[in-house]
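**Q** So the chains spell out like this:
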Amino acid sequence: MKLSQIADRIGCRLVGEDVEIYRVSGIEEAGPGDLTFVANKKYVRYIKTTKASAIILGEDMPPVSMPSLRTDDPYLAFAKALEVFFDPVRPEPGIHPTAIISEGTEIGPDVSIGAYAVIGKKCKIGARVTLYPHVVLYPEVCLGSDVIVHSHVVIREGCQIGNRVIIQNGAVIGSDGFGFAPIKDGGFYKIPQTGAVVIEDDVEIGANTTIDRAAVGATIIRRGAKLDNLVQIGHGSRVGENCVLAAQVGLAGSTRLGRGVWVGGQAGFAGHLEVGDKAVITAQSGTAHDVAPGAVISGSPAFENALWLRAVAVFPKLPDLVQRVRRLEKQILQPKGNDRSKKP
Amino acid sequence: MKLSQIADRIGCRLVGEDVEIYRVSGIEEAGPGDLTFVANKKYVRYIKTTKASAIILGEDMPPVSMPSLRTDDPYLAFAKALEVFFDPVRPEPGIHPTAIISEGTEIGPDVSIGAYAVIGKKCKIGARVTLYPHVVLYPEVCLGSDVIVHSHVVIREGCQIGNRVIIQNGAVIGSDGFGFAPIKDGGFYKIPQTGAVVIEDDVEIGANTTIDRAAVGATIIRRGAKLDNLVQIGHGSRVGENCVLAAQVGLAGSTRLGRGVWVGGQAGFAGHLEVGDKAVITAQSGTAHDVAPGAVISGSPAFENALWLRAVAVFPKLPDLVQRVRRLEKQILQPKGNDRSKKP
Amino acid sequence: MKLSQIADRIGCRLVGEDVEIYRVSGIEEAGPGDLTFVANKKYVRYIKTTKASAIILGEDMPPVSMPSLRTDDPYLAFAKALEVFFDPVRPEPGIHPTAIISEGTEIGPDVSIGAYAVIGKKCKIGARVTLYPHVVLYPEVCLGSDVIVHSHVVIREGCQIGNRVIIQNGAVIGSDGFGFAPIKDGGFYKIPQTGAVVIEDDVEIGANTTIDRAAVGATIIRRGAKLDNLVQIGHGSRVGENCVLAAQVGLAGSTRLGRGVWVGGQAGFAGHLEVGDKAVITAQSGTAHDVAPGAVISGSPAFENALWLRAVAVFPKLPDLVQRVRRLEKQILQPKGNDRSKKP
Chain A
44 MKLSQIADRI
54 GCRLVGEDVE
64 IYRVSGIEEA
74 GPGDLTFVAN
84 KKYVRYIKTT
94 KASAIILGED
104 MPPVSMPSLR
114 TDDPYLAFAK
124 ALEVFFDPVR
134 PEPGIHPTAI
144 ISEGTEIGPD
154 VSIGAYAVIG
164 KKCKIGARVT
174 LYPHVVLYPE
184 VCLGSDVIVH
194 SHVVIREGCQ
204 IGNRVIIQNG
214 AVIGSDGFGF
224 APIKDGGFYK
234 IPQTGAVVIE
244 DDVEIGANTT
254 IDRAAVGATI
264 IRRGAKLDNL
274 VQIGHGSRVG
284 ENCVLAAQVG
294 LAGSTRLGRG
304 VWVGGQAGFA
314 GHLEVGDKAV
324 ITAQSGTAHD
334 VAPGAVISGS
344 PAFENALWLR
354 AVAVFPKLPD
364 LVQRVRRLEK
374 QILQPKGNDR
384 SKKP
Chain B
44 MKLSQIADRI
54 GCRLVGEDVE
64 IYRVSGIEEA
74 GPGDLTFVAN
84 KKYVRYIKTT
94 KASAIILGED
104 MPPVSMPSLR
114 TDDPYLAFAK
124 ALEVFFDPVR
134 PEPGIHPTAI
144 ISEGTEIGPD
154 VSIGAYAVIG
164 KKCKIGARVT
174 LYPHVVLYPE
184 VCLGSDVIVH
194 SHVVIREGCQ
204 IGNRVIIQNG
214 AVIGSDGFGF
224 APIKDGGFYK
234 IPQTGAVVIE
244 DDVEIGANTT
254 IDRAAVGATI
264 IRRGAKLDNL
274 VQIGHGSRVG
284 ENCVLAAQVG
294 LAGSTRLGRG
304 VWVGGQAGFA
314 GHLEVGDKAV
324 ITAQSGTAHD
334 VAPGAVISGS
344 PAFENALWLR
354 AVAVFPKLPD
364 LVQRVRRLEK
374 QILQPKGNDR
384 SKKP
Chain C
44 MKLSQIADRI
54 GCRLVGEDVE
64 IYRVSGIEEA
74 GPGDLTFVAN
84 KKYVRYIKTT
94 KASAIILGED
104 MPPVSMPSLR
114 TDDPYLAFAK
124 ALEVFFDPVR
134 PEPGIHPTAI
144 ISEGTEIGPD
154 VSIGAYAVIG
164 KKCKIGARVT
174 LYPHVVLYPE
184 VCLGSDVIVH
194 SHVVIREGCQ
204 IGNRVIIQNG
214 AVIGSDGFGF
224 APIKDGGFYK
234 IPQTGAVVIE
244 DDVEIGANTT
254 IDRAAVGATI
264 IRRGAKLDNL
274 VQIGHGSRVG
284 ENCVLAAQVG
294 LAGSTRLGRG
304 VWVGGQAGFA
314 GHLEVGDKAV
324 ITAQSGTAHD
334 VAPGAVISGS
344 PAFENALWLR
354 AVAVFPKLPD
364 LVQRVRRLEK
374 QILQPKGNDR
384 SKKP
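Chains as they are written, first to last, in the working numbering: chain A, 44 to 387; chain B, 44 to 387; chain C, 44 to 387.
Honestly, the hints are just simulated from the structure, not real lab data. It should be emphasised that the depicted structure is a prediction, and the values quoted were computed from it without experimental measurement. Relax, there's no trap hidden among the hints.
One copy or any two copies: either way a pair holds, since identical chains are not told apart in the list.
No more than 30 Å apart at the CA atoms, straight line, and that leaves these computed lysine-lysine pairs for BS3-like: (1) Lys84 <-> Lys94; (2) Lys321 <-> Lys84; (3) Lys164 <-> Lys233; (4) Lys321 <-> Lys360; (5) Lys45 <-> Lys85; (6) Lys321 <-> Lys85; (7) Lys45 <-> Lys233; (8) Lys94 <-> Lys45; (9) Lys227 <-> Lys85; (10) Lys233 <-> Lys85; (11) Lys227 <-> Lys84; (12) Lys227 <-> Lys321; (13) Lys45 <-> Lys91; (14) Lys233 <-> Lys91; (15) Lys45 <-> Lys227; (16) Lys373 <-> Lys360; (17) Lys321 <-> Lys233; (18) Lys233 <-> Lys94; (19) Lys84 <-> Lys45; (20) Lys85 <-> Lys360; (21) Lys233 <-> Lys84.
Go ahead and model the full structure; you've got the sequences and the hints to work with.
**A** In structure tokens:
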């Protein structure tokens, strides 16, 4: 395809020769015929050496020797360029004869339900839903339209999934929350987890992520939120609109994230706390208290990121700091007699 | 149902009007007709504003204006109140025709075995066991009575599960331990994992949790222990009676937790170590050494919690501390001549 | 079996009586008739008290009173001794009648394909491959020979798996990478994940581990690498030859680990970084920058391990250090008049 055609389709400005493009590649791997991109400063250094035939670049980047597609948002343009060439594997249309559809379930038009899928009683499946092989829906699950559920996902009883939700393989939606009342012999009484999970429109859930049902009420993932793989959402938690949770993040019960919160990988939340809109919680941090809107916090326990950056810069120097304090003490605190006796 | 009837069934003392109750709700969401509860101090502030019709409260709480159910253990009473109104989804009784039961397997009375479950040779399934659809048991697995195994769980060859055990979706019991002997070319020789996993009575295992089989002997989860989601139990580890492991905890191989140990989310254990009875390991901590019974430890690497609390309080002040030491050094350590020359 | 026969089969030198051995056991559990071993210094203390009949020991260990098998590599000898007595459960040969093999798929000789396995179109399955029940392969997956894939594993479209690879239960290979371009309303545009996952020969993948497909190109796990359970490999990452990743490790996107890198449990990598050959990243550390070959790093954020060990030794003494600085300040910084007035 001509670079100019791609420019039209993805909304970029062509600078340079209108070369023929055959695919989209990463800047290090790209070869002749490839369109590549730079959206992360770490990769600017590869612009001079890449063998790509053309490159997607921000309007603010300096001129380059190869043909370029200029845009204010090179990452978005890259996404759209990928779509131009991408021919995704499509699941088989229709309902596979081995799929088990229990009584009382309603199924919309143009669905794809794969082999050995098991759908419990009284479920509702919207239009154009794709259930890959081996998906299991417990009874009374409700899926909106255009939902994609990958193989080995389980959605437990009574959970509600919005439109255009994508659930990657092995995720578990609606497992029992972790609730036990201690009893006198040292054991525990299981608290019935009577609530469910509600996932709103346009959410994506990562592979092997687990989202527990609430003891009462609902665990809620709001519109547009994106959860990576192996994330844990405790019972009764709420993840706000357009939140982004990287892999292996954990929310204990009743954690509430506002809108547009970004959480780095392996970060944890102690539960029963609120995180304000657009807060950023960096990777591996541990949050046990409420977080103000717009705050950027780091560390375990977490505090303000700017201060944390300065504190962790000191941390490797602690042994040296101790030496310095010891030296001061020698000078100042020892008895005058001793002090003199050591001087030459 | 009358509040007095609930009081009778859950063993509480009714204070105030005998109102009609229709369900149990969280204190923030509760409306007219709802019974709510406070068991966590963070929610006391909602007592004045809740729209609930009645509330479960500790005997030690001050009087309230609405009808209350008083008890020494409001969390346990809440659990029992939930049961009064909860009508859980029940799996289909009997053995689904698509379930595969291999030869030599013995199955007790009144079981429910779901669609596409696969049960290997020579398994033993106790009375009233529920295997949800898509459960896989490898050969020679032994399940006690009243066990509940959710969809997409796998129990590997030779593992033994006690009575009343609940295994949430996607958990893997008995995967190969992570054992490799380094060989001379830089590669590894796989150590056969010849042991199994033993899970005693009344244990609950969270969704997508993994428990590895031992190289020799057994990985053991003792009676009453509760493991949350995405927990990793390395080969040969032992989790003591009534331990509580929050989500994403990791035990490397041959970690031994005593009785009643509490482990916060995302905490890790280095393996080949012992944790004494009733120790508490707080969230995200990292433990590489034995832990004394009753100890409370925090941090990575972990040490005594009371000291850790004081140390992490200092941590954000490190940049300031460095400044203070520098100031002292300027006063003390520099040659007198310099010192004077800088003074006005 | 006679101890001398075992010595011959596993390549050890027999010292002491040629006793009869019935099994291999851990040193604490071993009883009469058992062969045990010591390969970890923590267990040397049990040599005097073990009830084993014989022991595998390093050539460098002092003499013992019981019969011993001496070798330069006791851990490897232990692995081989286990094999002598181990009779692993073998899956059923052949293709189970309920397995679904889609059109265009080629299957090598002597495979075992379990019940309810689902294999997409145009897959290639090598000789002697074992797919346990409920394995799902999306279309165009290519498996080498002698691969073992355990129940509930999913391998997504177009992924390529080498020879002798072992994939433990519930692992997800080729789920969509976590890529979203922010758009103006606060939402996100999903970046098509057009690449795949390539796993080379002799790799082992742990239970419920997730390996994301690349946006472009491939996520690659090189020959001989071993990944434990619940590990997350982000899109476009590369794990080098013979790397060892302990449980719950997380690699964000485009992380590149060199050859023979060892990563401790729960460690995380920020992505878009390179780790040099034979680097060691200890448990729970967090790495946001490139790591030099052979470096040993620790902490979050991670730095040189030797320095880290000294810094964490100071950390619990921080409250004390603050007191010491305060004391110095009292001596030095306060006005002389005040200073005198406080002295007796």
